[in-house]
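Asker: Sequence:
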Amino acid sequence: MHSLPCRFTVLSLLLAATAFAAAPRHKVMLLTGQSNKYHDWSKCAPLVKSHLDATGLFAVDVVTTPPQGADMTGFRPKFAGYAAVVVVYEGDEWPAATKAEFVDYMRNGGGLVTVHDADNAFPYWQEWNEMIAVGGWGFKPDGNIGARDATWGPMIRWRDGRLVLDYTSPGGATHPPRHDFTIVTRAPEHPTMRGLPESWLHASDEIYSRLRGPAKNVTVLATALADKAKFPTATGEHEPMLMAITYGKGRVFHSTLGHVGPKET
1 MHSLPCRFTV LSLLLAATAF AAAPRHKVML LTGQSNKYHD WSKCAPLVKS HLDATGLFAV
61 DVVTTPPQGA DMTGFRPKFA GYAAVVVVYE GDEWPAATKA EFVDYMRNGG GLVTVHDADN
121 AFPYWQEWNE MIAVGGWGFK PDGNIGARDA TWGPMIRWRD GRLVLDYTSP GGATHPPRHD
181 FTIVTRAPEH PTMRGLPESW LHASDEIYSR LRGPAKNVTV LATALADKAK FPTATGEHEP
241 MLMAITYGKG RVFHSTLGHV GPKET
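First residue of the sequence shown? That's 1 in our numbering, and the numbers climb one at a time after it.
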């Protein structure tokens, strides 16, 4: 199978939705509105919504934050009642009250789906880091974008057929250039992965590598390996591409796939 990044991410969302409570249509919040200079939420979010709408399985409400640098104090979406919140966002911090309400939503059985660069959001929000297990980059206190280092926690490795937490290897997040690569299923029994092949070719995307974080309550669903002979920034490790995480009574589907840059058409 040869798949486009956003299209595959949406396919995964559809499969993940089977884990939610039965309903005529799953009510989903698509939360977006900001990204860094390497990504473009205004192109990615409409793609996600159009694919979700086309299935007839979802009732999608788009919630857009104020622009980057604008006043965020009034940003207070109501999470209750949604089967899942799909996050296509990396930008300014949410207000403390909004963060607290989202944590409460998740601890009491909410659903979260993070798409690609959403795992760069909120590098200093501990609860968010626990929800997503591991993350890549993020805005540092000086306003620059930097990789998460060992202070954020271990890296997730897939070695000898099982998840391994690597606390000792140096380095922070990186990725090889975009290219086609093979994704390998690691948890075929998980609802998200049922019906997918053991491996498949994924088109022109980034293999997020050396992600770091608390890495608690996480199941690796699929991995990918970049060829070190071709790409100097490849790690030679089977990096997690898709993950499932539990947070309280809530469930998280973390996809590192789906790069959409500002020059995409």
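Don't take each hint at face value.
Heads up, simulated SDA-like pairs for lysine to any residue below, C-alpha to C-alpha not over 20 angstroms straight-line [as the list claims (entries may be wrong)]:
id, residue 1, residue 2
1, Lys228, Phe181
2, Lys216, Ser169
3, Lys216, Asn108
4, Lys37, Phe181
5, Lys27, Val60
6, Lys216, Val164
7, Lys37, Leu47
Here are the computed distance ranges between Cβ atoms for each label pair [what the hints assert, rightly or not]:
id, residue 1, residue 2, range
8, Thr168, Thr55, 16 to 22 angstroms
9, Ala96, Thr55, 32 to 38 angstroms
10, Tyr38, Pro141, 28 to 34 angstroms
11, Val63, Gly109, 17 to 23 angstroms
12, Tyr38, Asn108, 30 to 36 angstroms
13, Gly74, Ala150, 34 to 40 angstroms
14, Ser42, Ala203, 19 to 25 angstroms
15, Glu189, Asp149, 33 to 39 angstroms
16, Gly261, Val63, 35 to 41 angstroms
17, Thr168, Pro262, 32 to 38 angstroms
18, Ala100, Ser50, 31 to 37 angstroms
Simulated from the structure, these hints should not be mistaken for lab results.
In this text, a Cβ means the ideal position worked out from N, Cα and C, and glycines have one as well.
Asker: Need the list of violated hint numbers for this structure, in ascending order.
Answerer: 4, 8, 10 and 16
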